[in-house]
Structure formats: structure tokens, C-alpha cells
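*Asks:* Use these hints to put chain D onto chain Y, whose structure you have.
Listed below are the residues making up each chain.
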Amino acid sequence: MSTLVLDSASRWFGNVVAVNDVSLTIGPGVTGLLGPNGAGKTTLMAMMSGFLAPSAGHVTLDGRPVWRNTETYRQIGLVPERELSFGYLTGRQFVRANADLHRLPDAAAATERILGVVDMVEPAGRRLDTYSKGMRQRIKIAAALVHDPAVLLLDEPFNGVDPRQRMHLMDLLHRLGDEGRTVLFSSHILEEVERLARHIEVVVSGRHAASGDFGAIRRLMTDRPVQYAVQSSDNRTLASVLMAQESVRAVSLRGEHLDVQVGDLGSFAVDLPGLARQHDVTLFELSPSDESLESVFAYLVAR
Amino acid sequence: MINTTIAKLALQALLGRRRFFLLLAFPVLLIGLVALVTALVDGDAAYEVLPGLGYPLVLPLVAILAASSVLGPEVDDGSIVYLLSKPVNRYGIAISKWLVALGATLVAGALPILVAALITGDSTRATALFVGAVVAGTAYSALFLAISAVTRHAVIASLMFVLVWESLLGNLFTGIAWLSISQWGLRIGHEVSSALPDPANLGYAIVASLVVTVVGAWFAGDRLRSFSLTGDE
Chain Y
1 MSTLVLDSAS RWFGNVVAVN DVSLTIGPGV TGLLGPNGAG KTTLMAMMSG
51 FLAPSAGHVT LDGRPVWRNT ETYRQIGLVP ERELSFGYLT GRQFVRANAD
101 LHRLPDAAAA TERILGVVDM VEPAGRRLDT YSKGMRQRIK IAAALVHDPA
151 VLLLDEPFNG VDPRQRMHLM DLLHRLGDEG RTVLFSSHIL EEVERLARHI
201 EVVVSGRHAA SGDFGAIRRL MTDRPVQYAV QSSDNRTLAS VLMAQESVRA
251 VSLRGEHLDV QVGDLGSFAV DLPGLARQHD VTLFELSPSD ESLESVFAYL
301 VAR
Chain D
1 MINTTIAKLA LQALLGRRRF FLLLAFPVLL IGLVALVTAL VDGDAAYEVL
51 PGLGYPLVLP LVAILAASSV LGPEVDDGSI VYLLSKPVNR YGIAISKWLV
101 ALGATLVAGA LPILVAALIT GDSTRATALF VGAVVAGTAY SALFLAISAV
151 TRHAVIASLM FVLVWESLLG NLFTGIAWLS ISQWGLRIGH EVSSALPDPA
201 NLGYAIVASL VVTVVGAWFA GDRLRSFSLT GDE
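Chains as they are written, first to last, in the UniProt record's numbering: chain Y, 1 to 303; chain D, 1 to 233.
Calculated from the structure, these hints are not laboratory results. There could be a bad hint or two in this list.
Taking CB as the label site, the calculated pair distances span [as the list claims (entries may be wrong)]:
#1 L29(D) - D21(Y): 53 to 63 Å
#2 L36(D) - V121(Y): 46 to 56 Å
#3 R219(Y) - R152(D): 38 to 48 Å
#4 T151(D) - D62(Y): 47 to 57 Å
Not everything, but these chain Y residues come out facing chain D in the computed CB check (under 8 Å) [claimed, not checked]:
#5 A46
#6 S49
#7 R74
#8 S85
#9 H102
#10 L104
#11 M170
#12 R218
Heads up, the beta-carbon is just placed ideally off N, CA and C, and yes, glycines get one too.
Same shape as in the complex, but just chain Y (with noise of 0.2 Å):
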């Protein structure tokens, strides 16, 4: 059992703050790092790697730093976004290799143990540069986990993975926060995130813009004010009809649109056909006009 500390953790770049004033804890179970691309993910999973330093606060594993720490890696396994270069090898190679720098006492043990636990063992006899991506990830992955660590550290572990692996994938990370390892990794997909971890830490911009489990994040978004586009038979009658309704902030009227501000999208949705037949106006066109991930993340990093 690790546990993952950042306290107050920030790194700059120049002038510019890819991760700013972050604290975080991250224990034991699957936890989903999720946040639109260039929110700093990357930054912040060097850091806890220690593949960066931070420029200020402190990340820790154990109340240890990591930083310059070369024995922490006994405790890390890291699954870095960056491709495998060393295609002449093959998957057994590759394996045994960590597996030998780790100084296992069984090396070749643990290589075919692990390459079975990621389904592995007929193509490890290929070289790596003959891999899809997805197998390239599970090598990757038995890479990390050859010595057993407490810590597992995964960078956008599915992307570019096809369906069926990512399911197969997601199923092993489940497996080993189930055995009580601290799992960790990164995704801009929030459906990914959510079919996975347990608990989920939001990050948008370098900052910590929410925590929570799963349910309590799902929340977060879809209560949140949104705007909609709504074209009718009649956009006037409509107008006031929705105005009386609680869960509606604000409309106004945009040429052929009326634009429509929802502060519970749940009640809106359920009561708007309703309400559109009781008054005989038709509905021609609904759509959300900010339904970006993006406007999401802008949203919890505004709260």
C-alpha cells in the first residue's frame, strides 16, 4: 500500500505555468487523471515519476521525495506515453531487460509471469517494431508491472488503442487496483475515466479543478448552466412558456434562434416536450451550443 502526496506542488516553463499550486493525494485503487490536452497531465505525471522536479512544493511517494530519488523506482512502475524505441528487440527482450535492471532473482520467471497477466506470451517472441499499438501498450505495460510495484503510473494508457483492447486493458487496471495496488492514469476521455477509476481528479489549465468519485464528477457536469439552441413554429410563446420554468436562467431571442439558458439540465430535458405540445408549439431544432469538453472543464475551473 503507497500513497502519492503532491503538496502545493507547481512547475513553470520560462514564464509559462504548466502546473500550478496542485495538491493532491492519491492512494490505493484506480484513480483517473482526466483533463482536456494541455492541462498539464503530462507535466504533472513527470513529476510524480520523478521525471521532473517541481519548481515549487513537494511530491512524495511514502514520505519520500522523488525527485533524483532512484530508489523510488522500486516501488514505481511507469507506462510513459513516449513509443518504445528500442524496436530491434523483441517483447521478451524488452521485458526480460527490465526485468534484469530491476536485478529480479528470477528474471526469466517473472518476464513469462507477466506476459501472461497482459496476454503476451505467443507475440514475444517478434520484434517490438512488428507490434500494434495496442500490443506495443501491453508490452509496455508488463514492462512496468515485471517487478510487482506498488505504484502504477500510466500516461493516456488507451490512446490509440482499438475497442477490444481497451476493454482488455481496462479490465487488467481494474484487476490491480483491485489488489490493492495505487493505479494512476491519465485521460482527456471523460467515458474512459468514468468506466474505470473509482475516484477521479480533474485538471484544467495546471490547476486542480475538481476531486470526487465518479458519480459526484458526472454531477458536476451535467448540473451545470447550459445554453442551448431552440428553433420552434412559434420562438416567442416558447420563450415565455420556458421563462416560467425554474430550471431556466435566461432566454433571448437570436434571429430565427431563441437562445435558452438551463441551470438543471435534468428537469429541462424531461419537461421541454411537455411543455412545448401543452402550448401546440412545434420543436424543429435543439441543440446544446456548448457542449465542448472544453466549456465543461472552463465550467468547474470557474466554479
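*Replies:* Just chain D now, kept in the frame of chain Y:
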């Protein structure tokens, strides 16, 4: 201190890439050229190829290729994190990689110089040049390894050192002999045969070669200790 797994991987990196054939081409061409000139031209013209081309150019180029092959690509694309995310002493990694680069430099750089020099006759002179090449090759490989650990433009920076500093400026200003690895090697070789020039103080040449070698390997290890993984730039 020496890590056999790292050394094995470095050797595979050296042999497994296309660069290896370039590394092989240098000694073959050098020996071929010297053999050809020996056969065609009378006098000592064939030997002149060695202090003129083989020693000041082929040897450092081989050292650059070797040093940058064992470390350069991994630092460039960040895949060295796969080696560094292990509880392995960073100085051990640097020394293991340096030994592989040194081995390649001696086999593909210094040894061919000896063979080519023997073709031209006078084995004392050949031995002297070989001694110089071993000394210079040792210091070169450590220096270029250190450069590979610092910058993505290691090959360019190393070439600048050899071509501009040692060759171009070294020929114009004799004082550069004090800061030129190839001159130190020649000075140490001079002890074996006076056919080699005497550009600097012997004690200084020995100490300077040692310092560059030790500091180079140590510095590479220290840079690996502080290796930072930044996002895609």
C-alpha cells in the same frame, strides 16, 4: 558500477541500427585507401594519410557515431525513461554506455589506424600512432557521450568541436594544442616514436586526457540523474 544489462542494450542499439554500417565503412575505407596509396605511390605518401586524415578525422567521427548511437536517440525521443525508471545507478548507466562506445571507437577507429600504419611499414611509428589513437579515442568517447546527454544536437555540436575547433582553428593557432584531444594523444604517442609531433607538455597531456574522460563520464551520469521528461515540444 558496470551494469551488464545496460551495456547489452547499448550494444544492441549500436549494432541494430543502420548507423552501424556507417561505422563499419570508415575503417574499411581508411585501410583501403592506405593500401591503395601504398601500392601506387612510392615514398611515405601512404603514411601521410594517417596523421592527415585517419587520426584527426576518421577517429573522432567514429567516436561521435559510437557515442551518439549508445545514448543520443534515447535522449532525443525520451525513450531513455524506460531505462531510467529503474533503481539503477545513473553513473553506472553512463559508464556502461561509455564502455560500449569506447569499445566501438577502439575497434572501428584506433585498430584500423594501427592496421593501416603497419601496411606502410615501420612498426614503431605504427605503435606510437596506435597509442595516441587509444588515448584520444578514450577521451573523445567520454566527451561526446557527455555532449549526447546534454543536447539534442549532439552530433552537430561534436562535429563542430572536431572540425572547427580541433581541425580548422587547431591548424591556425598552435596554442589550441593545449585544449585539443587529438594533440594530447599525439603527445603521448610521441613517447613511443619521435615520428609523432611534440605539441604540448607530456604530464599535461596525460592529466588532461584523464580529466576529460573522467569528467565526461561523470557529467553524463549526473545529467541522467536530472533527466527531465517534458511534453512534446
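*Asks:* If a hint holds in the structure, say so; if it doesn't, say that too.
*Replies:* The hints, checked one at a time:
1. L29(D) - D21(Y): 53 to 63 Å: holds (59 Å)
2. L36(D) - V121(Y): 46 to 56 Å: holds (54 Å)
3. R219(Y) - R152(D): 38 to 48 Å: Since R219(Y) and R152(D) have Cβ atoms about 46 Å apart, the given range 38 to 48 Å holds.
4. T151(D) - D62(Y): 47 to 57 Å: violated (35 Å)
5. A46: holds (4 Å)
6. S49: OK, holds: S49(Y) within 8 Å of chain D, min 7 Å.
7. R74: holds (5 Å)
8. S85: holds (4 Å)
9. H102: holds (6 Å)
10. L104: Violated - the Cβ of L104(Y) stays beyond 8 Å from chain D, reaching only about 11 Å at its closest.
11. M170: violated (23 Å)
12. R218: violated (28 Å)
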